[in-house]
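Chemist: These protein sequence lines are chains A and B, in that order.
Residue numbers for the first sequence follow our numbering, so the first one is 218 and each next one is one higher.
Residue numbers for the second sequence follow our numbering, so the first one is 81 and each next one is one higher.
Keep in mind that the hints were calculated from the coordinates and are not lab data.
The reader is advised that the hints may include incorrect statements.
[To be verified] Simulated pairs of lysine-lysine, BS3-like, Cα-Cα distance not exceeding 25 Å:
1. B/Lys83 to A/Lys389
2. B/Lys83 to A/Lys456
3. A/Lys422 to B/Lys226
4. B/Lys546 to A/Lys422
5. B/Lys166 to B/Lys371
6. A/Lys291 to A/Lys239
7. B/Lys230 to B/Lys546
8. B/Lys170 to A/Lys422
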Amino acid sequence: MIANVVLFLLAAGLPYYLLLEKSKFFSSKNIFILSALLLLSAIVLSVYIPNEHPVSLVIISFVSSLYTIYKASKTTNFYRLGYYFIFINAPFFILFEEKGALYSLSLLVSLIGIYLIGRFYEKHYGSANYLAVKGITLATPYISTYITVYLLCIALYPPFPNALFFLDDIFKSASYGLWLFVVIVLFMGNFFLAMRVMEKSLFGKPNTNIHYVDLDTKENIMHLIILTVLLGLSFYGLKEVLS
Amino acid sequence: MEKFILLIPAIPVLIAFLLIFVKQKELIPRISLFLSSMIAVLGLYGAYYVISKDTDIVGFGGLVIYNQLSAILVPYVAILGLVIRKYARKYMWDEAGYKRFFILLNFIFASIYLLVMSNNLIVLTLAWQLMSIGLYLLVSFNVGSKTAVKNARWTMYIHKGADLVFLLAVVLTYKTFGSLDLVELSQKWLVMSEHAIEDPVIFVIGLLFLIAAMMKSAIVPFHIWLPYTSEAPTPVSALMHAGVVNVGGILLNKLAYLLILAPAVLNIAFVVGLFTAIFASALMLVVSDIKRSLGYSTVGQMGYMIMEVGLGAFSLAIYHLMVHGIFKATLFLESGALIKYARHDPNIPERLSYKVFWAEKTGHKSNQTFYLIALFTIVPVLAFVGVKILLTDDFFEFNAAIVILAFAWLTGTQLFLSFFKVSRSDSIKVVVALISTFVLVLFTYEFIGLTFEHFLYGEDALLFYKAATLNVTMLSALVMLAVIMTIGWLFMYRQHFVEIPNTDEKPSRLKWLFYKLLVKEGFYFEIFKSSKKGKV
Chain A
218 MIANVVLFLL AAGLPYYLLL EKSKFFSSKN IFILSALLLL SAIVLSVYIP
268 NEHPVSLVII SFVSSLYTIY KASKTTNFYR LGYYFIFINA PFFILFEEKG
318 ALYSLSLLVS LIGIYLIGRF YEKHYGSANY LAVKGITLAT PYISTYITVY
368 LLCIALYPPF PNALFFLDDI FKSASYGLWL FVVIVLFMGN FFLAMRVMEK
418 SLFGKPNTNI HYVDLDTKEN IMHLIILTVL LGLSFYGLKE VLS
Chain B
81 MEKFILLIPA IPVLIAFLLI FVKQKELIPR ISLFLSSMIA VLGLYGAYYV
131 ISKDTDIVGF GGLVIYNQLS AILVPYVAIL GLVIRKYARK YMWDEAGYKR
181 FFILLNFIFA SIYLLVMSNN LIVLTLAWQL MSIGLYLLVS FNVGSKTAVK
231 NARWTMYIHK GADLVFLLAV VLTYKTFGSL DLVELSQKWL VMSEHAIEDP
281 VIFVIGLLFL IAAMMKSAIV PFHIWLPYTS EAPTPVSALM HAGVVNVGGI
331 LLNKLAYLLI LAPAVLNIAF VVGLFTAIFA SALMLVVSDI KRSLGYSTVG
381 QMGYMIMEVG LGAFSLAIYH LMVHGIFKAT LFLESGALIK YARHDPNIPE
431 RLSYKVFWAE KTGHKSNQTF YLIALFTIVP VLAFVGVKIL LTDDFFEFNA
481 AIVILAFAWL TGTQLFLSFF KVSRSDSIKV VVALISTFVL VLFTYEFIGL
531 TFEHFLYGED ALLFYKAATL NVTMLSALVM LAVIMTIGWL FMYRQHFVEI
581 PNTDEKPSRL KWLFYKLLVK EGFYFEIFKS SKKGKV
């Protein structure tokens, strides 16, 4: 039981970002790194500890997830979006039990991509805020392609691994009322948020007051590595779901 | 050798991947056209193989199949794809994102092939969702346009809803029948259909699949995404109206044996399809925007398609979606060329149809409405009964065929009236045109429709009709036919032959409300806006 509570706190916890966001010592970038590390610890630990959570924990994480969806719908910052998505998807880590770790891992990989995009924005445009940097599909096609891939991954679209592990889980899990409700709400929640970001960042006319910069070779390679990891996870996910 | 055919869905992915590395703009359409022509060749070879050997090609552990349905649809999609790519080669040349367009186009074609050839519900789910995202990226291709992006968002919301409903249906199917293999499931459903089954779970599964199909095929009340996506590039519109909206019909055909077990779902499909066909066709005549008018025309045709499924005429739905697809793709692609000509010539280019039906003629006026109505309703009915008596009793194996034919006839007349804009003085020509349309529809249905049916389902087709039977007698069906034709003709006559009133007579309140309902597209947006403000 204690082990499960530890796993729960690591992966879903209480939305500690609420406190950290108020602190002057933690920037949203740091909160993302902290959240990602805690989730990673939960993923590693779940290999050794059987991940079987009581319903009460599912409900708690679901409520915090709903609140996080609300928070995420208000932000236009890639870093914040990164850790919000971790909390939004926390109920899946708990609900999907053994397979939850794989789902969370592929989510984490795509969020690392989002984090790198945020860092790129911070470096070239002054902050990780995407609202003013519109129309990148035409202005900076490489970065637009990567954002599209990461967001489609989060929005649970195949052939990306999140969607495949999600499919595998819903076929193999024992469904019940709460399970169904949580799955439907989060399936749509992830989608709406990802679409919102896509629309506000990728589309629109390029801003003539901004000097657009696309990824350089080194940055491209980093994103390609992430894509390769996602591809590998996709193959594994496909194998799992078809087995 | 024949196993190569199963690689068809992978070829567009390969093309898209190759295009990423192509630097020369001229090479992009060439590579795309050359390799996609291979798909057409493979598809045709596959069709030949399936027909000549009378066997399916199954591979990848039973995940993908090339059966009768694939043999019809894959060559159709492949040839349509070739035409669209060829058209887009020049049409999209000056657009920003030329390469992106071809890459996305290939992705969406890959998902269509995968959907058609899938033999596993998981593969079908993947293809179903891939198509949604491909469509979203293509509809929002003109990223600088706010309306294009907004309409793409609406499209995506409805398609995501379809994905969710589809997913729930697949999970429920797996948990109920314990298999994901479509051939195995179809056999199981066929065996189950031998005994009367009243299982609410099967009804729910059938209903969920129907709703998913309705959402993707733009059936009322999920239709609104289609008429508003015309801002997408013309080749995308052609693809959408000729290919993407058809997936609902394809899905229901793949699950035809399941629907035998849920006749109530077939009845719902019939009612919803009938309503969509009438409502959307009426909207088509009233809306002021030509692109939206075309969109509603497609919605109406999708209504017919779902109605045909609801009547158990699954193969007819496939025939319908193909014929409509070819027709609508031609319309969209031709519109681009016409605009080009019209820029040089202020008059619309003259065509034979223009000369015959549209050119102004003076000196002869006739006002014999009553005789015309009588002619338009009685002659086809007499022709129909005559043919029925002359041929064997099972000429129409189910009474509902009459309803289909009536609607096919109405569509034909609508087309003549809408596109050729006949004038009052040419009424004899119109009579000939309408009757010939009806005869054409009648014989097409008899010879091609039934050939399709025999090829796709053989003797099993009778089971579908039996499941969908509405218990309509021949006499009542004929009465229904006459009523529908009269109402339809009156409606169209009033639309096209209306005189400008000389007096200040105001229309009655009821008529005015009905017109307002149609012009406002069923108050769809008003209801949405009110609910957003919290008024409803």
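Chemist: Taking the hints in turn, state whether each one holds.
Modeler: Hint by hint, here is what the structure shows:
no., hint, verdict
1, B/Lys83 to A/Lys389, "31 Å, violated"
2, B/Lys83 to A/Lys456, "21 Å, holds"
3, A/Lys422 to B/Lys226, "9 Å, holds"
4, B/Lys546 to A/Lys422, "56 Å, violated"
5, B/Lys166 to B/Lys371, "22 Å, holds"
6, A/Lys291 to A/Lys239, "16 Å, holds"
7, B/Lys230 to B/Lys546, "44 Å, violated"
8, B/Lys170 to A/Lys422, "24 Å, holds"
Comparing the model with each earlier hint shows violations of hints 1, 4 and 7; every other hint is respected.
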